[in-house]
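As they're listed, the protein sequences go chains V and E. Heads up: the first sequence begins at 1 in the working numbering, then just goes up one per residue. Heads up: the second sequence begins at 114 in the working numbering, then just goes up one per residue.
For the record, the hints were derived by calculation from the structure and aren't laboratory data. Beta carbons are placed, not taken as given, at the ideal position from N, Cα and C, and that holds for glycine. Possibly wrong hints are sitting among the right ones.
[To be verified] Among chain V residues calculated to face chain E with C-beta under 10 Å, some are:
| id | residue |
| --- | --- |
| 1 | GLN6 |
| 2 | TYR35 |
| 3 | GLY42 |
| 4 | GLN44 |
| 5 | MET55 |
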Amino acid sequence: GEDVEQSLFLSVREGDSSVINCTYTDSSSTYLYWYKQEPGAGLQLLTYIFSNMDMKQDQRLTVLLNKKDKHLSLRIADTQTGDSAIYFCAESMGSSNTGKLIFGQGTTLQVKP
Amino acid sequence: SAVISQKPSRDICQRGTSLTIQCQVDSQVTMMFWYRQQPGQSLTLIATANQGSEATYESGFVIDKFPISRPNLTFSTLTVSNMSPEDSSIYLCSVAEGRDYGYTFGSGTRLTVV
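Can you build the whole structure from these sequences, using the hints too?
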């Protein structure tokens, strides 16, 4: 069945790197996404990766995709207190990026000063 | 990317009543989705709102409980009917824009049923 799993909690010190991990089950997923949700706010798209890519870098964010193991990770370099939020990975079902999204449980990132 | 206006942002409702949530998009989009986020949980897709036809509901969600309208390509409503405290959640609409924009979400409606 459709399933996306994440670790629930991560705590880091300001300035350190954060790595949030995610596993998914649908091998036909074409796009995989990372969203950020701050308290009381909606979801903000951080980045996405196409399934034929291994890595994507966008400023402080690096996404790694291991398609064989169906493993996705998000690395945040030089983590700041403003990065404290819940991070959701999501896979787009099927072969397009306009189908429904299946979300992981979300990883709460706590950044300590 | 598209800008979504979702209303109301929050509400406190009595059990047994209904609430209609509106989602307005500043551009025409084909695919619109409604999600529920229960307290401390992830997002679960309720249904896909199709313009000009009935919504497509996910397993566990039914039209009588969550009727959806999609009168045009920029607007949709979700009604939460005959509410109970278990319906207390954040409800979010989303649009799929494809390419680099992926999926954009409204700011959500925080519903508390008492």
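Checklist entry - Close enough to count: is the Cβ of GLN44/V nearer than 10 Å to one in chain E? => result Nearest chain E Cβ about 8 Å off; hint holds.
Next on the checklist: Does TYR35/V hold up as a contact with chain E if the rule is Cβ-Cβ below 10 Å?
Outcome noted: For TYR35/V, the interface hint holds, since the closest Cβ of chain E sits about 8 Å away, which is under 10 Å.
Checklist entry - Hint check: is the beta carbon of MET55/V less than 10 Å from a beta carbon of chain E? => result Where the cut-off is 10 Å and the nearest Cβ of chain E is about 17 Å from MET55/V, the hint is violated.
Checklist entry - For the hint on GLY42/V, does the least C-beta distance to chain E fall short of 10 Å? => result Holds. Min distance 4 Å.
Checklist entry - Does the CB of GLN6/V sit less than 10 Å away from some CB of chain E? => result This hint holds: GLN6/V lies near chain E, its Cβ roughly 9 Å from the closest one there, short of 10 Å.
Of the numbered hints listed earlier, the single one contradicted by the structure is hint 5.
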